[in-house]
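Asker: Chains as they are written, first to last, in the working numbering: chain G, 1 to 288; chain B, 1001 to 1325.
Check before you lean on any hint, since a few could be wrong.
Partner residues aside, some chain G positions facing chain B, computed with beta carbon under 10 angstroms [stated by the list, open to error]:
hint: 1; residue: Phe107
hint: 2; residue: Ser112
hint: 3; residue: Val115
The calculated lysine-lysine pairs, modelled on DSBU-like cross-linking and capped at a C-alpha distance of 35 angstroms, are [unchecked claim]:
hint: 4; chain 1: B; residue 1: Lys1285; chain 2: B; residue 2: Lys1146
hint: 5; chain 1: B; residue 1: Lys1110; chain 2: B; residue 2: Lys1036
hint: 6; chain 1: B; residue 1: Lys1110; chain 2: B; residue 2: Lys1078
hint: 7; chain 1: B; residue 1: Lys1110; chain 2: G; residue 2: Lys90
hint: 8; chain 1: B; residue 1: Lys1036; chain 2: B; residue 2: Lys1146
hint: 9; chain 1: G; residue 1: Lys90; chain 2: B; residue 2: Lys1314
hint: 10; chain 1: B; residue 1: Lys1146; chain 2: B; residue 2: Lys1078
hint: 11; chain 1: B; residue 1: Lys1110; chain 2: G; residue 2: Lys258
hint: 12; chain 1: B; residue 1: Lys1078; chain 2: B; residue 2: Lys1314
Treat the hints as calculated values from the structure; they're not laboratory data. Please read these numbers as outputs of a predicted model, since none were measured by experiment. Just so it is clear, CB atoms sit at the ideal spot from N, CA and C, and this is done for glycine as well.
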Amino acid sequence: MDFSTFLIQLLNSLQYGLLLFLVASGLTLIFGIMGIINLAHGSFYMMGAYMAFSLTALSGNLLVAIVVGIALSVLIGFLLEWALFSRLYKRDHLDQVLLTYGLILIFEELRSLIVGDDVHGVPIPELLSASIQLSETLSYPVYRLFMSAVCILLAIVMYWLIRYTRLGMMIRAGSSNREMVQALGINIDLIYRIVFGLGVTLAAFAGMLAAPVSSVYPGMGNQVLIICFVVVVIGGVGSVWGALVAALLIGLADTFGKVIAPDYAGLAVYVLMAAVLLWRPEGIFRRI
Amino acid sequence: MPLPARKKRNYLPLVLLVLALFPMFGSGYYNELIAKIMIMTIFAMSLDLLVGFTGLVSFGHAAFFGVAAYSVVLLSPKYDPANLWLVLPAAVFTGAAVAFVVGLFVLRTKGIYFIMVTLAFAQMIYFVFHDTPLGGGSDGAFLNVKPELRIGETVLLDLNEPMQFYYIVLAFLVVAYVFLRVLLRSPLGHALAGIRSNEHRMLSLGFPVFLYKLAGFVTAGGIAGLAGFFSACQYGFVTPEILSWHQSGNVLLMVILGGMGTLNGAAIGAFAFVVLQELFSALTKHWQLLMGAVIVTVVMVLPGGLSSLPQRLKGLLIGGGNRNG
Chain G
1 MDFSTFLIQL LNSLQYGLLL FLVASGLTLI FGIMGIINLA HGSFYMMGAY
51 MAFSLTALSG NLLVAIVVGI ALSVLIGFLL EWALFSRLYK RDHLDQVLLT
101 YGLILIFEEL RSLIVGDDVH GVPIPELLSA SIQLSETLSY PVYRLFMSAV
151 CILLAIVMYW LIRYTRLGMM IRAGSSNREM VQALGINIDL IYRIVFGLGV
201 TLAAFAGMLA APVSSVYPGM GNQVLIICFV VVVIGGVGSV WGALVAALLI
251 GLADTFGKVI APDYAGLAVY VLMAAVLLWR PEGIFRRI
Chain B
1001 MPLPARKKRN YLPLVLLVLA LFPMFGSGYY NELIAKIMIM TIFAMSLDLL
1051 VGFTGLVSFG HAAFFGVAAY SVVLLSPKYD PANLWLVLPA AVFTGAAVAF
1101 VVGLFVLRTK GIYFIMVTLA FAQMIYFVFH DTPLGGGSDG AFLNVKPELR
1151 IGETVLLDLN EPMQFYYIVL AFLVVAYVFL RVLLRSPLGH ALAGIRSNEH
1201 RMLSLGFPVF LYKLAGFVTA GGIAGLAGFF SACQYGFVTP EILSWHQSGN
1251 VLLMVILGGM GTLNGAAIGA FAFVVLQELF SALTKHWQLL MGAVIVTVVM
1301 VLPGGLSSLP QRLKGLLIGG GNRNG
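Go ahead and model the full structure; you've got the sequences and the hints to work with.
Answerer: Encoded structure:
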């Protein structure tokens, strides 16, 4: 492997890892703060990608599609939290697993009814469609660099939001003691609704961002969901920082696994997970 | 005020009688359907041992069912029937052995981790069959000739015969049921129940909790393997889908539908699920939409499962019943 190939793979793994982080951070936040295990999280990623496809086809512009898509995702998140999830906080994980499993089936069929079962592509916006020449034969698309940059920016914003804002303070307090926060006069139900909406939007946004690169296909959400579980298990449930490190690790393992042993690359991430489980059953990082 | 205790009626002999007589009246299609329900009951009971009796919510139980089904296909000779004496124990052993290895990893975790890790390991096994040529890749593989029970040269039973298949499945359903009943009353069963209600207490009492859980996990894997064996024999082919997470989700659904923690509940759940699946898929190709709606409704309004329904109705009629079950 010469240097430019290595660089390309490194950039790819970084981009994949960062994208995974966006999805997984929502999952880990929803669990860490609200105590909800959400299997339907991958469906939100799928929804985002399909929204990017349909809305781009309608408006002809990915940016418009993303803005409208984000608004829709926030709305969907609020609605779901209000109608279903808010009733499950006190229930077993088992009920949450089952409810969200049911939701996956519903979302997949609705997707099939509304958009169909075909594989679609979303064009890369013209502004970002160039490539950077690395050597005579190898180049790297600007859009992928743009994706990584957006993900890093979002990660920084999230860190700032949770660490340094009043809302972040309330969120952190709510994750450690719901009753106490409520007793202090903070509307914890609203905080939960915001966190859930944020998680849904992060996943859907990741789907929209990835749509031009990965194409849009049925079942894309489930694939991401399971990898995100691996990310959360490696990083530690509830830890956003852990999710970042784990997502980057998985990006590396998956991308270089595909280069080194293409037939068994699918297994690389699970081997990584098994190793972490042996070493630290509760993940590398434990809490926010 | 609790209702006065009443002696519970035992419907078991009646159910058995109906199952035994059913093929005399039912047509081929219904026999096959009932056989499928019985196979799924075995599968659901094995998961209930973990979810209902030990408190381990496994979301990867299809893995053991699936590898056992694959083992039948891989161990059978290409054009001759395999011997039941050989392939049935082999399938059960495969399910148990895979559960042992997976259990060593997943049982180190608890609660929500356990759910995610079991799912991830099951998915890893799914990829092994989906991506490598071991079991025919994503196309799956055919079981050309179904196993038969031979002693020497005499063929005693042939799984190719639908009637014989039906009764063999029924017999093994009874075996699995009795086995689990005995197991639950054994010291192991009591220890598992203790782990379910308070793991720390069991640890402080000096119980090797990890070993007990592993024993439960391996047993459940072996019984799931038994179900997988019959499933492969019923349809004559296997695809990676039988170890997909949808299968894991569906069997978990059966356990919940029927009400977990009772072996009879597993049977009710399997029956309800298979019948609903048949009804819905006859209605529309988007049957999963209806199934999803049923799941959401059950979780939201019927947390105790279908078997809690009579109690609930009674509570409603008499008034002041425990509405949250």
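Asker: Each hint needs a verdict: does it hold in this structure or not?
Answerer: For each hint, the structure was consulted:
{"no.": "1", "hint": "Phe107", "in the structure": "holds (8 angstroms)"}
{"no.": "2", "hint": "Ser112", "in the structure": "holds (6 angstroms)"}
{"no.": "3", "hint": "Val115", "in the structure": "violated (13 angstroms)"}
{"no.": "4", "hint": "B:Lys1285 x B:Lys1146", "in the structure": "holds (30 angstroms)"}
{"no.": "5", "hint": "B:Lys1110 x B:Lys1036", "in the structure": "holds (33 angstroms)"}
{"no.": "6", "hint": "B:Lys1110 x B:Lys1078", "in the structure": "violated (43 angstroms)"}
{"no.": "7", "hint": "B:Lys1110 x G:Lys90", "in the structure": "holds (18 angstroms)"}
{"no.": "8", "hint": "B:Lys1036 x B:Lys1146", "in the structure": "holds (16 angstroms)"}
{"no.": "9", "hint": "G:Lys90 x B:Lys1314", "in the structure": "holds (25 angstroms)"}
{"no.": "10", "hint": "B:Lys1146 x B:Lys1078", "in the structure": "holds (10 angstroms)"}
{"no.": "11", "hint": "B:Lys1110 x G:Lys258", "in the structure": "holds (32 angstroms)"}
{"no.": "12", "hint": "B:Lys1078 x B:Lys1314", "in the structure": "violated (56 angstroms)"}
In terms of the numbered hints stated before, the structure departs from hints 3, 6, 12, listed from lowest to highest.
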